[in-house]
Amino acid sequence: MFTLPMAKGWLASLSKVLEDNRSRLTDLDAAIGDADHGINICRGFAAALASVEKENPTDFAALFKLISVALIKNTGGASGPLYGTFFLKLSLTLTGESASPAELYKGFISGMQGIKQLGHSSPGEKTMLDTFAPAFEAMNKAIDAGEDFKSIAKALVAAAKSGADSTLPMLATKGRASYLAERSIGHLDPGAVSAYLLLKTLGEQIS
Amino acid sequence: MVGLVLVSHSRRLAKSVAELAMSIADEADMPIAYCGGIGEGGELLGTDAMDIQQAISRVYSKDGVLVLADIGSALLSSRLAIQLLGYNNVKLSGAPLVEGALAAAVQVLAGCSLEQVANEAENALSPKSAEKEGAVEQQLLSSPDALIYRFKVGLQHGLHARPAANLARLLSKFSSTCLIRNATKGSRPVNAKSVNKITLSNITYADEAEISISGDDEKEAFEALIQLVKGSFKPIAADAPIKKELRVITKGVVLGTIVQETNLFNLPEMRKIHNPAAEIQRFERAVAAVSEVIKTSGAALRKEGIIEGADIFDAHLMILNDAELLSEIKSNIAKDMLCAEYTYIKKMTALAGEIRALPNRYIEERAADILDVASLVLSKLSGETEAPPILKGDLILVAREAAPSLFGRWGSRLKGILTESGGETAHASILARALGIAYISGYSIPAENLSGQTAIIDTDVPGVIINPTQELIATYKDKIDRLKKQEDSAAAAGKAAAVTTDGVPITVMANVWDIFSARSAQKAEVDGIGLFRTEFLFFTRQKPSEEEQIDAIEEILNFFPKKPITIRTVDIGGDKRLSWLYQPKEANPFLGIRGIRLCIREKELFRTHLRAVLQASFDRDVKLMIPMISVKSEIIYVKEVLESVHLELEAQGKAHLWPIRTGIMVETPAAALMADELAEVSDFFSIGTNDLIQYIMCAERGSTFDYNLTSPVQPAVLRGIKMIADAACRHGIELSVCGEMAGDADAALVLLGLGVNSLSMNAISIGRVKSAIRSNSISELKKAALAAMHEKDVY
Numbered sequence: 001m002f003t004l005p006m007a008k009g010w011l012a013s014l015s016k017v018l019e020d021n022r023s024r025l026t027d028l029d030a031a032i033g034d035a036d037h038g039i040n041i042c043r044g045f046a047a048a049l050a051s052v053e054k055e056n057p058t059d060f061a062a063l064f065k066l067i068s069v070a071l072i073k074n075t076g077g078a079s080g081p082l083y084g085t086f087f088l089k090l091s092l093t094l095t096g097e098s099a100s101p102a103e104l105y106k107g108f109i110s111g112m113q114g115i116k117q118l119g120h121s122s123p124g125e126k127t128m129l130d131t132f133a134p135a136f137e138a139m140n141k142a143i144d145a146g147e148d149f150k151s152i153a154k155a156l157v158a159a160a161k162s163g164a165d166s167t168l169p170m171l172a173t174k175g176r177a178s179y180l181a182e183r184s185i186g187h188l189d190p191g192a193v194s195a196y197l198l199l200k201t202l203g204e205q206i207s
Numbered sequence: 001m002v003g004l005v006l007v008s009h010s011r012r013l014a015k016s017v018a019e020l021a022m023s024i025a026d027e028a029d030m031p032i033a034y035c036g037g038i039g040e041g042g043e044l045l046g047t048d049a050m051d052i053q054q055a056i057s058r059v060y061s062k063d064g065v066l067v068l069a070d071i072g073s074a075l076l077s078s079r080l081a082i083q084l085l086g087y088n089n090v091k092l093s094g095a096p097l098v099e100g101a102l103a104a105a106v107q108v109l110a111g112c113s114l115e116q117v118a119n120e121a122e123n124a125l126s127p128k129s130a131e132k133e134g135a136v137e138q139q140l141l142s143s144p145d146a147l148i149y150r151f152k153v154g155l156q157h158g159l160h161a162r163p164a165a166n167l168a169r170l171l172s173k174f175s176s177t178c179l180i181r182n183a184t185k186g187s188r189p190v191n192a193k194s195v196n197k198i199t200l201s202n203i204t205y206a207d208e209a210e211i212s213i214s215g216d217d218e219k220e221a222f223e224a225l226i227q228l229v230k231g232s233f234k235p236i237a238a239d240a241p242i243k244k245e246l247r248v249i250t251k252g253v254v255l256g257t258i259v260q261e262t263n264l265f266n267l268p269e270m271r272k273i274h275n276p277a278a279e280i281q282r283f284e285r286a287v288a289a290v291s292e293v294i295k296t297s298g299a300a301l302r303k304e305g306i307i308e309g310a311d312i313f314d315a316h317l318m319i320l321n322d323a324e325l326l327s328e329i330k331s332n333i334a335k336d337m338l339c340a341e342y343t344y345i346k347k348m349t350a351l352a353g354e355i356r357a358l359p360n361r362y363i364e365e366r367a368a369d370i371l372d373v374a375s376l377v378l379s380k381l382s383g384e385t386e387a388p389p390i391l392k393g394d395l396i397l398v399a400r401e402a403a404p405s406l407f408g409r410w411g412s413r414l415k416g417i418l419t420e421s422g423g424e425t426a427h428a429s430i431l432a433r434a435l436g437i438a439y440i441s442g443y444s445i446p447a448e449n450l451s452g453q454t455a456i457i458d459t460d461v462p463g464v465i466i467n468p469t470q471e472l473i474a475t476y477k478d479k480i481d482r483l484k485k486q487e488d489s490a491a492a493a494g495k496a497a498a499v500t501t502d503g504v505p506i507t508v509m510a511n512v513w514d515i516f517s518a519r520s521a522q523k524a525e526v527d528g529i530g531l532f533r534t535e536f537l538f539f540t541r542q543k544p545s546e547e548e549q550i551d552a553i554e555e556i557l558n559f560f561p562k563k564p565i566t567i568r569t570v571d572i573g574g575d576k577r578l579s580w581l582y583q584p585k586e587a588n589p590f591l592g593i594r595g596i597r598l599c600i601r602e603k604e605l606f607r608t609h610l611r612a613v614l615q616a617s618f619d620r621d622v623k624l625m626i627p628m629i630s631v632k633s634e635i636i637y638v639k640e641v642l643e644s645v646h647l648e649l650e651a652q653g654k655a656h657l658w659p660i661r662t663g664i665m666v667e668t669p670a671a672a673l674m675a676d677e678l679a680e681v682s683d684f685f686s687i688g689t690n691d692l693i694q695y696i697m698c699a700e701r702g703s704t705f706d707y708n709l710t711s712p713v714q715p716a717v718l719r720g721i722k723m724i725a726d727a728a729c730r731h732g733i734e735l736s737v738c739g740e741m742a743g744d745a746d747a748a749l750v751l752l753g754l755g756v757n758s759l760s761m762n763a764i765s766i767g768r769v770k771s772a773i774r775s776n777s778i779s780e781l782k783k784a785a786l787a788a789m790h791e792k793d794v795y
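Which chain is which? The protein sequence lines are A and B, in order. FYI, my numbering numbers position 160 of the first sequence as 160, with every residue one higher than the one before it. FYI, my numbering numbers position 664 of the second sequence as 664, with every residue one higher than the one before it.
Treat the hints as calculated values from the structure; they're not laboratory data. As the structure is a prediction and not an experimental result, all values here were calculated from the model. Among these hints, one or two may not hold up.
[Said to hold, decoys possible] So, partial list: chain B residues that the calculated Cβ filter (under 7 Å) puts toward chain A:
| # | residue |
| --- | --- |
| 1 | G46 |
| 2 | G72 |
| 3 | S73 |
| 4 | L76 |
| 5 | R79 |
Beta carbons: idealized from backbone N, C-alpha and C, even for Gly.
Work out the full structure, taking the sequences as your base and the hints as a guide.
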């Protein structure tokens with residue numbers, strides 16, 4: 001089961017991991033964007049963590065809502081509204097204090113739909129969706145195969161990693177990177193990498 | 001009204017775009033909100049969907065809201081904000097932020113629906129991109145049985161901005177096809193339901209607009225159109241001559257022979273060519289020939305020392321030889337296989353039309369320059385003979401509009417100008433003033449060509465007489481002679497020293513504010529410059545650099561190599577606004593951020609300015625004057641900045657004047673009341689009577705009062721001046737007066753009676769004031785001034 005303490009631990013460790021990866025994400029963004037992804041996303045999640053620590057929410061809905069608002073208000077770049085929407089959708093689908101893998105999956109799919117809708121984008125366009133889509137697909141397969149939560153998480157993270165890596169040869173058509181057109185090829189998408197870190201830290205909580 | 005929300009990563013950018021959009025509104029209220037930036041005060045770049053949500057709510061009404069955003073996250077955050085609000089009448093525009101905001105603002109003011117506002121915003125880029133791609137615009141043809149309405153536009157600024165929006169809005173209500181074209185300039189019909197298209201038709205004052213309407217509701221549309229035109233476009237009856245009031249741009253009396261110009265051109269015929277290489281060569285030859293003509297005109301003025309005039313021709317040269325433009329035209333000739341005349345004029349008129357659509361009079365001037373250059377090239381291409389008819393004596397130019405190229409053509413024989421339109425700020429007016437040409441605008445040109453006829457211009461009346469009788473000619477010959485003699489004797493009076501009958505010498509100096517006034521002051525052989533206004537340095541298209549300022553200041557200082565000069569630091573604000581500087585709208589700008597107050601706010605601007613002044617003044621007799629002082633701390637602040645600028649220049653090894661005597665312009669009641677304290681930290685006082693009178697009397701000079709509130713000899717004003725003069729005397733610092741009061745002979749005498757012994761005025765007043773000084777004694781003037789101070793009101 002995915003529990004409220006796990007979710008809070010996830011946020012805390014994600015905030016730390018992002019901080020550790022701040023310059024890497026910024027460097028990736030410098031190559032194809034405007035060199036602010038690391039700065040923006042760290043600022044956003046640090047604010048989310050601070051807000052959660054202050055308010056101490058007692059269920060998923062309140063927790064994810066707080067994260068969502070903090071991301072939207074503080075991130076600055078495109079990742080703010082995108083991740084903000086992701087968590088907003090989670091707050092609408094997940095209630096209570098615990099969720100089964102299938103419920104969590106449902107929440108993720110809803111979050112991903114929110115991102116697609118807001119960004120007018122789909123996988124294959126060198127965005128965070130290239131991490132999310134294969135990761136959630138792998139998660140779904142593992143759930144169908146009746147695997148335990150740890151194995152499900154493992155499959156999720158592995159697919160997320162190869163998903164993020166798959167952006168290396170892609171041509172960006174969305175976001176700031178799209179201004180570079182062909183020159184965006186050969187660089188990892190920073191959004192896809194931060195999405196991977198998001199799922200990786202989740203996996204660590206579940207294990 | 002539809003609300004507008006502008007979203008950018010940068011709050012300052014969003015704010016500036018909002019201001020630009022609001023500039024269209026003049027006084028009207030427009031529901032517009034902007035947001036951008038994140039963090040406290042929004043100083044970080046980024047966007048915040050919550051902020052956007054609030055901005056939308058601020059301007060939301062049942063008419064809906066259009067959101068315009070810059071890029072990336074601004075779009076995402078806006079989209080999210082709209083989703084979160086859940087209104088179905090809030091739209092996110094795909095338009096470019098700046099162009100879209102301007103186009104949308106026009107539609108909003110015209111009361112258009114959200115859909116119309118959104119549509120125009122989305123199309124805001126099309127005039128530009130159509131130009132860029134050289135797209136041949138889809139040719140709209142009006143149906144042969146369409147209802148056609150022609151009218152001459154009587155609006156001063158033509159069919160632009162709001163009138164254009166009103167027209168588009170009205171016609172949009174009907175399903176019929178509505179096309180508009182500029183019949184005077186021979187433009188092609190375009191969609192009259194689009195503000196952008198109407199604007200590009202460039203229908204200016206007295207141009208004939210032709211609107212054709214065809215469709216199911218054509219009759220209703222036609223009726224409504226006529227009502228709108230009659231009600232708001234001030235149509236000029238096509239057969240009636242244009243009646244306007246004669247407007248004197250520069251003064252003078254001239255008797256001369258008329259040369260009439262038709263500096264108007266129709267869009268040339270679209271002629272197919274077969275040999276593009278030859279056509280391009282022909283075009284290049286024409287450009288080279290015109291280049292020579294412009295260079296000659298500019299060089300002639302430069303030789304005369306009329307630098308500002310020569311600069312205008314330099315600008316023309318740049319427009320003509322713009323490499324990008326020329327290569328585009330050449331490639332278009334080759335691509336479209338159309339003649340050079342058509343290709344070039346189409347491009348240039350479109351360029352000018354685009355520029356005219358922007359609400360900025362400096363840019364407007366550039367449009368006139370573009371058309372002027374275009375007309376020269378066109379006449380070269382058409383093989384028009386350049387040689388003017390052989391005429392003797394002084395010439396009077398009659399033209400619809402005066403353009404700089406016409407001055408080049410007629411040279412020094414040109415003494416008078418009559419035009420239908422044109423204003424004080426136009427380049428042609430600057431040239432006319434510099435060259436001493438009498439210029440009257442608002443003249444109705446009759447149908448027949450007047451070339452070769454004798455005419456008289458008298459700006460004193462003001463009046464124009466075509467074909468005067470011999471008797472009138474004789475009278476005017478006398479008048480012109482008399483004026484010439486008066487001018488000469490005034491000049492002579494101006495050069496002699498000003499000493500009162502009881503032997504007190506009075507210093508009489510001139511005010512200068514640009515190269516022309518400097519030239520006049522130089523001719524008048526003044527004792528010095530009591531007020532050198534530096535605002536002209538800043539009335540530029542962009543922020544002037546330190547070097548540009550140094551050059552311009554030196555250019556003026558060079559007129560007066562050995563004479564004392566008082567430079568006033570820049571006095572922007574009040575009615576003086578700069579196109580490149582953000583100056584917030586104030587309810588009462590004359591009591592707002594102006595003079596030193598603006599310099600204290602714009603620290604970098606002020607430092608650069610002071611650096612330039614100190615450097616340009618090196619090894620010269622220069623004093624520095626600070627305007628709009630109201631408290632002592634302001635003077636102390638300026639002295640600190642000066643000290644630090646001095647140290648900086650010293651460290652950089654840059655030659656500059658140091659120490660520099662620093663005084664203040666006394667023009668606020670506060671400064672008058674605190675004159676003793678201010679004198680402790682000032683090296684001199686110069687009384688700026690223009691503002692002092694306004695501020696003491698709380699009466700604006702431009703207003704028409706029922707009684708003489710703004711008289712310079714109101715006892716309240718005189719007592720204020722006396723306080724200032726006494727304080728200067730007690731502290732042993734120099735005192736002068738540099739306002740208009742000093743140049744009014746009667747009022748100047750009162751000033752002498754109050755203890756002033758140095759006056760600075762426009763060069764033109766010097767002769768009169770000096771004569772008055774020479775026939776009065778200080779002892780008598782003192783008595784008279786004392787009496788005037790205790791007079792009853794001037795009513």
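Comparing the hints with the structure gives:
1. G46: holds, 2 Å
2. G72: Nearest chain A Cβ about 5 Å off; hint holds.
3. S73: holds, 4 Å
4. L76: holds, 4 Å
5. R79: holds, 6 Å
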